[in-house]
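**Student:** Take these sequences, add in the hints, and give me the full structure.
Heads up: the protein sequence lines correspond to chains A and B, in order.
At position 46 of the first sequence the residue is numbered 46 (the numbering used here), and the sequence of numbers has no breaks.
At position 159 of the second sequence the residue is numbered 159 (the numbering used here), and the sequence of numbers has no breaks.
Since the hints were made in silico from the structure, they are not lab data.
Certain hints may be false.
What the hints assert, rightly or not - Below, computed lysine-lysine pairings styled on DSSO-like, alpha-carbon distance capped at 30 Å:
| # | chain 1 | residue 1 | chain 2 | residue 2 |
| --- | --- | --- | --- | --- |
| 1 | B | Lys113 | B | Lys307 |
| 2 | A | Lys74 | A | Lys195 |
| 3 | A | Lys74 | A | Lys145 |
| 4 | A | Lys145 | A | Lys198 |
| 5 | A | Lys145 | A | Lys195 |
| 6 | A | Lys198 | A | Lys74 |
| 7 | A | Lys198 | B | Lys113 |
| 8 | A | Lys148 | A | Lys198 |
| 9 | A | Lys74 | B | Lys113 |
| 10 | A | Lys145 | B | Lys307 |
| 11 | B | Lys82 | A | Lys148 |
| 12 | A | Lys195 | A | Lys148 |
To be verified - Coverage of chain B stretches by chain A, computed from C-beta distances (three or more under 8 Å per stretch; other residues unrestricted):
| # | segment |
| --- | --- |
| 13 | 59 to 68 |
| 14 | 138 to 145 |
| 15 | 161 to 171 |
Stated by the list, open to error - Away from chain B, derived, C-beta distances all over 12 Å, residues of chain A:
| # | residue |
| --- | --- |
| 16 | Asn38 |
| 17 | Asp66 |
| 18 | Thr83 |
| 19 | Gly181 |
| 20 | Glu237 |
Ideal Cβ positions, reconstructed from N, Cα and C, are used throughout, including at glycine.
If you want the building blocks of each chain, they are given just below.
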Amino acid sequence: MALLEVENLSMAFGGLMALLNINMQVEEGDLIGIIGPNGAGKTTLFNLLTGMYRPLRGSIRFRGQDIVGLPPHKITRLGIARTFQNIRLFGDLTVWDNIRIAQHWHRNYGLGVALLRLPPFHRVEEEIARETQLLLEMFGLEPYKHEKARNLPYGEQRRLEIARALAARPRLLLLDEPAAGMNPQETRELMAFLKWLKEEFALTLLLIEHDMSLVMGLCQRIYVLDYGRLIAVGTPEEVQNDPQVIEAYLGQEVNDFAP
Amino acid sequence: MAKGKYIFWRLVALLLPYVLIQGLLGAGLISDFQQITLMMMGINIILAVSLNLIVGFTGQLALGHAGFMAVGAYTAAVLTLKIHQPFLLSLILGGLAASLAGLLVGLPTLRLKGDYLAIATLGFGEIIRGILNNVEYVGGAAGLLGIPRLTTWTWLYGFLVLTLLGVMNFVNSTHGRACLAIREDEIAAETVGINTTYYKVVAFSLGDFFAGLAGGLYAHYFYLIQPSSFSFFRSFDVLVMVVLGGLGSITGSVLAAMGITLLNALLQDLAEFRMIIYSLLLILVMIFRPQGLMGRREWSLARWLEKRGEARGPAGS
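**Tutor:** See below:
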């Protein structure tokens, strides 16, 4: 059984078809890239997978369960977490709190326990603190733990957002342009980091990326979107040589030169 | 800092205001006017802290706190006055009634993202007043008269401490942090697995519970409650306290509630000047401290003792 199965997924905004009949198969442990020009529908696809939009048609099955129509928090609890193209942290809260909050659904106690500070409160809070500390150390964010998230340097904000997503214990992690705004050196570091991440947390990764060196160097399989349609699927080599992909990126070949 | 010593100071800080005022009351050193101001301070602190939970911590603008206070006040007053129930039970049922009203208003509006709650609560406050004005059982526009004066300094202080502890415990728990997350970024909150509707409703009805409690205490102090005591202006007054103290600071709400109550009392003789001075003060604070007096910071006894200890040199233990 595939981890994620998408069938004939379509989405429209008003009269605009943002996505049309998308089919995808993601196996456990895959590292998949989603590329395409601006406005191709990549982020819309993520928003559908995480339940932020409800599709017009089609089905999404995650670990065999149909997740269309489930609210985002339930989908997260099933094991899909994501990051955002324009980082969405809890800006005025500390790095520490950002990570603590993301453990909310799997490490918690009742409202009564909270209000009366009953014994489970201290036990669970200690567990939360331990995992938070562990994650911050793994992601090199320890030195920033008392800083407000909004005051972190850009690269650290990106890393914090990934760490926060992992604190929610996903099996499938969706990364929306993790390399945006990074220089080639940082992008190379990110590549190594993502490989490590995937192994360390036994994740399946789906990433939207514009940086071709990253996508081609990292992903096993690539989905190419253009104007809401899936125009190619394949290995990096296959996709690079696909005439439709070349056309989408470089424009149509002009054959009839006027002499 | 030794733990025993910390608990000792905590108890002192908790009991000192109570014992001091109780002593002064017993010795007859507090005038009636001062006593009214004092009681209003307590009630306003409960109102401001509970509204801060909704507006400051969860980020949901609510403009009908007086309406929920009215629900609590009338419920508790009817229970003691007409059905002869014990005071404590009536107060708690008043709080629960307000909380239930909060659920009714909150459930449909808090499912949506955006400021629908502000409009709904604004309407709710006026509807409640409209209903109370027309129900003969609770006296209509003339109000309920002859409510037994059961709210003493001891009762008030007890509920004040309970409110503060309850709100502080809530805010510093996984549940409170879920609310903070919603305030910061609702979309990010749901993508880490937080049921945002649930927490918005919880924070809102918990805040309304305390507003209802404050209403019950109010009703049993002033003998008389009228629909006009719970107008939009009271909701607005409480909101001003919250904003002035700092959205998201319990300490700030406490300080601002005390300050504004005092100011209202002092300016009572000035009649029309009162509103001018009041507005001027607000404008000045918003210019020089737009984040409110405390911002989002809290004053903590433990930290204060630690700092004092450091200033004195290393502690013996």
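**Student:** Each of the hints needs a verdict: does it hold here or not?
**Tutor:** Now the hints, each set against the structure:
Among the hinted pairs, lysine 113 of chain B with lysine 307 of chain B is inconsistent with the structure: their alpha-carbon atoms are about 42 Å apart, more than 30 Å. Proximity of lysine 74 of chain A to lysine 195 of chain A is assessed by CA-CA distance (about 27 Å); at most 30 Å being required, the pair is judged to hold. A C-alpha spacing of about 28 Å is found between lysine 74 of chain A and lysine 145 of chain A, which places the hinted pair at or below 30 Å, so the restraint holds. About 24 Å separates the Cα atoms of lysine 145 of chain A and lysine 198 of chain A, which keeps this hinted pair within 30 Å; it holds.
Only pairs whose Cα atoms come within 30 Å are accepted, and lysine 145 of chain A paired with lysine 195 of chain A is accepted, the gap being roughly 25 Å. Distance check on the hinted pair: lysine 198 of chain A and lysine 74 of chain A sit about 23 Å apart at the alpha-carbon level, within 30 Å; holds. Restraint check: the Cα-Cα separation between lysine 198 of chain A and lysine 113 of chain B comes to about 34 Å, which exceeds 30 Å; the hinted pair is violated. Straight-line distance between C-alpha atoms of lysine 148 of chain A and lysine 198 of chain A comes to about 27 Å, which keeps the hinted pair within the 30 Å bound.
A threshold of 30 Å between alpha carbons decides the hint, and for lysine 74 of chain A with lysine 113 of chain B the separation of about 18 Å falls inside it, so the pair holds. Under the criterion of a C-alpha separation no larger than 30 Å, the hint pairing lysine 145 of chain A with lysine 307 of chain B is consistent with the structure, at around 22 Å. This hinted pair does not check out: lysine 82 of chain B and lysine 148 of chain A have alpha carbons roughly 54 Å apart, beyond 30 Å. With a C-alpha separation of about 28 Å, the suggested pair lysine 195 of chain A and lysine 148 of chain A falls inside the 30 Å cut-off, and the hint holds.
Residue count for the segment 59 to 68 of chain B with a Cβ under 8 Å from a Cβ of chain A: 0. That is fewer than the three needed, and the coverage hint is violated. Check on the segment 138 to 145 of chain B: 0 of its residues sit with their Cβ under 8 Å from a Cβ of chain A, so the three-residue criterion for coverage is violated. Closer than 8 Å: that is the beta-carbon criterion, and the segment 161 to 171 of chain B has 3 residues meeting it against chain A, so the requirement of 3 holds. The Cβ of asparagine 38 of chain A lies farther than 12 Å from every Cβ of chain B, with a closest approach of about 21 Å, so its non-interface assignment holds.
The non-interface label for aspartate 66 of chain A is consistent with chain B: the shortest C-beta to C-beta separation is roughly 19 Å, beyond 12 Å. Residue placement check: threonine 83 of chain A does not keep its beta carbon more than 12 Å from all beta carbons of chain B (closest about 9 Å). Glycine 181 of chain A, annotated as away from the interface, keeps every beta carbon of chain B farther than 12 Å; the closest lies near 19 Å. With a minimum CB-CB distance of about 34 Å to chain B, glutamate 237 of chain A clears the 12 Å threshold, and the non-interface call stands.
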